[in-house]
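Guided by the hints, dock chains B, C and D onto chain A, whose structure is given.
These protein sequence lines are chains A, B, C and D, in that order.
Whatever position you read off the first sequence (first residue = 1), add 13 for this note's numbering.
Whatever position you read off the second sequence (first residue = 1), add 13 for this note's numbering.
Whatever position you read off the third sequence (first residue = 1), add 13 for this note's numbering.
Whatever position you read off the fourth sequence (first residue = 1), add 13 for this note's numbering.
Treat the hints with care, since some could be wrong.
Same chains, same label: a pair holds when it works inside one copy or across any pair of copies.
What the hints assert, rightly or not - Okay, derived cross-link-like pairs now, EDC-like style, lysine to aspartate or glutamate, Cα gap no bigger than 16 Å in a straight line: (1) Lys209 <-> Glu152; (2) Lys170 <-> Glu48; (3) Lys229 <-> Glu152; (4) Lys213 <-> Asp193; (5) Lys57 <-> Glu152; (6) Lys174 <-> Asp193.
In short, the hints are calculated from the structure, not lab data.
4 protein chains.
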Amino acid sequence: MIVAMNADATQQQIDHICERIRQFGYTPHLIQGEERTVIAAIGKGDKKEHIESLKSADGVEDAFPILQPFKLVSTEVKKERSVIKIGDIKIGDGGLVVMAGPCSVETRDQLLTTAESVAKSGAQLLRGGAYKPRTSPYEFQGLAEEGLKLLAEAREKTGLKVVTEILNAEDVDLVEQYADILQVGARNMQNFELLKKLGKVNKPVMLKRGLSATIKEFLLSAEYIVSHGNPNVMLCERGIRTFETALRNTLDLAVVPLLNELTHLPVVIDPSHGTGKRSLVPPVARAAVAIGADAIMTEVHPCPEQAWSDGPQSLRLEDFAKMMADLQPYIKLRQQAAAAA
Amino acid sequence: MIVAMNADATQQQIDHICERIRQFGYTPHLIQGEERTVIAAIGKGDKKEHIESLKSADGVEDAFPILQPFKLVSTEVKKERSVIKIGDIKIGDGGLVVMAGPCSVETRDQLLTTAESVAKSGAQLLRGGAYKPRTSPYEFQGLAEEGLKLLAEAREKTGLKVVTEILNAEDVDLVEQYADILQVGARNMQNFELLKKLGKVNKPVMLKRGLSATIKEFLLSAEYIVSHGNPNVMLCERGIRTFETALRNTLDLAVVPLLNELTHLPVVIDPSHGTGKRSLVPPVARAAVAIGADAIMTEVHPCPEQAWSDGPQSLRLEDFAKMMADLQPYIKLRQQAAAAA
Amino acid sequence: MIVAMNADATQQQIDHICERIRQFGYTPHLIQGEERTVIAAIGKGDKKEHIESLKSADGVEDAFPILQPFKLVSTEVKKERSVIKIGDIKIGDGGLVVMAGPCSVETRDQLLTTAESVAKSGAQLLRGGAYKPRTSPYEFQGLAEEGLKLLAEAREKTGLKVVTEILNAEDVDLVEQYADILQVGARNMQNFELLKKLGKVNKPVMLKRGLSATIKEFLLSAEYIVSHGNPNVMLCERGIRTFETALRNTLDLAVVPLLNELTHLPVVIDPSHGTGKRSLVPPVARAAVAIGADAIMTEVHPCPEQAWSDGPQSLRLEDFAKMMADLQPYIKLRQQAAAAA
Amino acid sequence: MIVAMNADATQQQIDHICERIRQFGYTPHLIQGEERTVIAAIGKGDKKEHIESLKSADGVEDAFPILQPFKLVSTEVKKERSVIKIGDIKIGDGGLVVMAGPCSVETRDQLLTTAESVAKSGAQLLRGGAYKPRTSPYEFQGLAEEGLKLLAEAREKTGLKVVTEILNAEDVDLVEQYADILQVGARNMQNFELLKKLGKVNKPVMLKRGLSATIKEFLLSAEYIVSHGNPNVMLCERGIRTFETALRNTLDLAVVPLLNELTHLPVVIDPSHGTGKRSLVPPVARAAVAIGADAIMTEVHPCPEQAWSDGPQSLRLEDFAKMMADLQPYIKLRQQAAAAA
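Chain A with its partners taken away, still in its complex shape:
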């Protein structure tokens, strides 16, 4: 259930409510709004008598059940949009953040060339996989820690922050040392042990939607991370698996405004995996900006023909530069709308 405190509720009153919530068998989560404190009491079955009892406590304005199966991530519990800060970068504040880089970290030269170029074109984060989840055991599995070190070097050189994928709960400590955002791939969206570990991490997490995950399942996976202690989760739509094989995946762009209704978490769009086809990335990125995505993530490679993975969907350096230029007027429209609101 949700307990909304009065605007002038005292710390003592808040503590008391948390105590009572625990007595009833729920876990209290404090959400500090600009005006007031809200306490989400998470547990099985919002019992009517508990709600009634809390309603009449001192300092409480109102108490009511949470209808959605996802709780902490829902707009029922927190209406204010979450803004995730990575240094100076803010994801979720109305602006557009761009993440770009190669599918896999392959070589020092490949990574630094790409990083310098995308930084110049206006990207704020560098992507690149050091651990690669590959369908076949015979495919390139990533450079592991060596790749992480190269990402850190590129960050040093370019000022770009780093987002990179984590595959296993066991690697959390290591990857956390190098990455600014920890990415959970589509195939791991329901790797619940990994999600629980990421709930203990002090870095933002980007959770990609599973290939056949419903929106409800997607948000419940985010709930795993948040309920285990890490509120800095962003959701990434990267295309779902459907009957259509003309493109690699079917990008479900309409979920951006749908998620904005259901959750306060920021939403990222990945037009590269969403289409699997280089020429479609720029128009799809344009649509992502127009529909209100908080960030986009695109794959960029100095020479896609020679990429060790995902070549057909990787932009060339100059493609990315052109796309960024083309996106500017759309980004401006967003800023004007945000300023007007």
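Below, chains B, C and D alone, put in the same frame as chain A:
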């Protein structure tokens, strides 16, 4: 195969090539480009010896096979984009055309109120179903000819052109008298007899993508209409059926640039059926404009709560007006891009 | 709603109830059970006061609402299984009926050779398409009436009954003259005008499930036919469209017992379209018998390599003979179970 | 590539070929057939010159490339069916093995009651989850090691072997101590780190197909386990996610014979998750036997209404007993066919 004539080929030369194409067992289709005439020779198996033979004929610049299974609708056969004219309205010229109106024509008052309002807000075409394909035999099946007459009256009053659905080959003659665009619904995308009849009609056709139709099947259904004589076909993406049930359908927006690569036919987006949810229609329409759709079609009703069908996805009159205002800067960006190109 | 009459209700009482049902604005459908007459009153909204009023009428045992959206085809309205008779053949009586033959009627020789062979192997019905719904306008579209005549000739020669596809409402009169069962293909499952016409026909209809049709939609399409007057409908599962492309379709075999719970109509399984692969047809047919299908339909061709359509999924004559022999013990198990029940 | 040795090849010759394979940069895997030894050389790109070179070596009968992306699990590499032995139980030898038990291990009483009953009815393995992958963080997550201990106790009491799910690479050592078969759930089918660890385990693994996994992906996940050292893998089809929501999943039964063509690994069918509906489990189990599944796994609970998970799809103890009795004639048909072959 395709036979590209010289820019200065004579009519006699063109006739001669058509004659030889027929002798080889193909059907010739003339495509009059701005610079030159191209002849598409359609038939089973592009035989190498036929291509070689035509290459050396007078007036022929080149001859080559068509690789795609769809022929006349493909950009292999015609690179120039098709522009469909309905009175002063042009669909496919780089601008954005807006079609709006109720799901079903219900009453004179409902239709005229809607028509006047959407016209004022900037729509160019009025939509409204007189024949309704309903999942259950016990649901409202449409007003039939009475509905068509009301649509004609609304056109008279507002200057809006009319787009309406046709369900059966038998109704073509009747519906053609009233409609400016004949719409083929998703459930009829592979009603091949209907498609063949629409190939003989002198009105443009809007073909909606089937719920589980691949892009190849979609284009082959368009090919049915075009190969039977009617080149004025536009394609409408309205959402496909996937595992996701959070929304009515999954709108496959990335097919807009994909179709632009594969076909010269204009592309329409239907954000109403594509989402099934009123609040998502405006942001999705914005994305449709940004990604390059030639037209959008949205359902509008004076009182969606009382609509006889599709209420939850219908915009109120004022919602539509607001959406149209919000779309203006995005439409301007399109016009600037078109002017620059 | 459903009105169950007393076992000894008089004709006059039944007529009176039908009259009252009409006065209330519903349409009465009489279902003559072995013990009693049941009247299904179909119309919008089962009003409580109407149900109460009818409950107290003479000759009425009980009256209650129909919960499913499909009415006449549901087991709520009729518990007894429907048995469809075509001459001596009974579909739905617990036994297994086998339909076999080529995808398309190609030549007299091809059809007669196949018919004689499958008859000898134990098939009871001959399948063969005279009208072919083809994805591309450039593919073989069927021999039309000439094909129907060949089917009739094969029936004459072999005693096999004939099942063949009907594509258009306009062809109903013609096809009805030749066919013993009229087949509605997957792409026409929601061609509602065709369904309505087939409701007026005095021949059984086999309705194939659409590629992306839910079970509810499937049964509502059957309801179109039954509610327009033709109770002799059988349902054919032929595979649905999913993300999996290893096989042509995903055969949804579990719907056989599900349909048996929801409807009294017989269920047919098509392992040929359900898999698209010849070698899988016999094991899948075996599973169809084991799971309780009332009939199976398989494609058979004297020389699949030369078939004009569906070669890869067509059994050779000897494959079919072998499959029929292998199915015998499974058919016997069914008969024993039916006898025991 | 595959190198088939002569029937009388010496150990020295085999060692020599393995050595050469390593020199070429491949990894050799020995497959000991009844008649001859086959060496699968796994690595990137089967180079023609390597194949030619090995062909002419002493003791080699033939060498040829492996066409499928999955290698060690494919029938290209090993034609003989793999039989997995768990004590006296053989999975893959033509007979039918039955695994049954509750979704989750809940209490000692629940587990022992179920185990004794299913053992009496003829099951050979007991299933039961101690670690539960749950969509929501607020749902029951399993009893963990306490559950494993109860499973071991039930094994002791009933003689049933134990199959249980493993969620994380970190738990492998623990679960291995208790389980006879380690189960990888659908959501973990592409948890590649877990698969690699299971490649080092000395217990058989049952790999469940992912909700949207293609057959190729399914076999490549099995390849991960086998190529890391564990050949005892069985594949479990448990239903895929499609547009159809009438049942929990769409059980893809036709993959049983398809997998039998592609791989030598045994195939298990799970009618409980495949349908999600108790009443459909027995007919679907019957079909699974008829189509050739090597084993079936069904959920059974003493009181499904009170089950902590999966109640609607769990059989009651008496349902399971009845199903087992009904399956007997179908199992006999299988044995007769196996004896005849």
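Exercise. Within a copy, between copies, both or neither: where do Lys57 and Glu152 come within 16 Å Cα-Cα?
Worked result: Cα proximity of Lys57 and Glu152: across copies only (8 Å, versus 44 Å in one copy).
Problem set entry | Status of Glu152 relative to Lys209 across identical chains (alpha carbons, at most 16 Å) | between (29 Å within a copy, 14 Å between copies)
For this session: Evaluate Lys170 and Glu48 at a C-alpha cut-off of 16 Å and name the case that applies: within, between, both or neither.
Result: Result: close neither inside a copy nor across copies, 41 Å intra and 53 Å inter.
Problem set entry | Lys213 and Asp193: within-copy, between-copy, both or neither at 16 Å Cα | within (15 Å within a copy, 33 Å between copies)
Exercise. When no copy is specified for Lys174 and Asp193, does a C-alpha distance of 16 Å or less occur within a copy, between copies, both, or neither?
Worked result: So Lys174 and Asp193 pass the 16 Å test inside one copy only (6 Å; across, 47 Å).
Problem set entry | Identical-chain pair category, Lys229 with Glu152, by Cα at 16 Å | The answer is between: 15 Å across copies meets 16 Å, while 33 Å in one copy does not.
Against the hints set out earlier in the document, a violation occurs for number 2 only.
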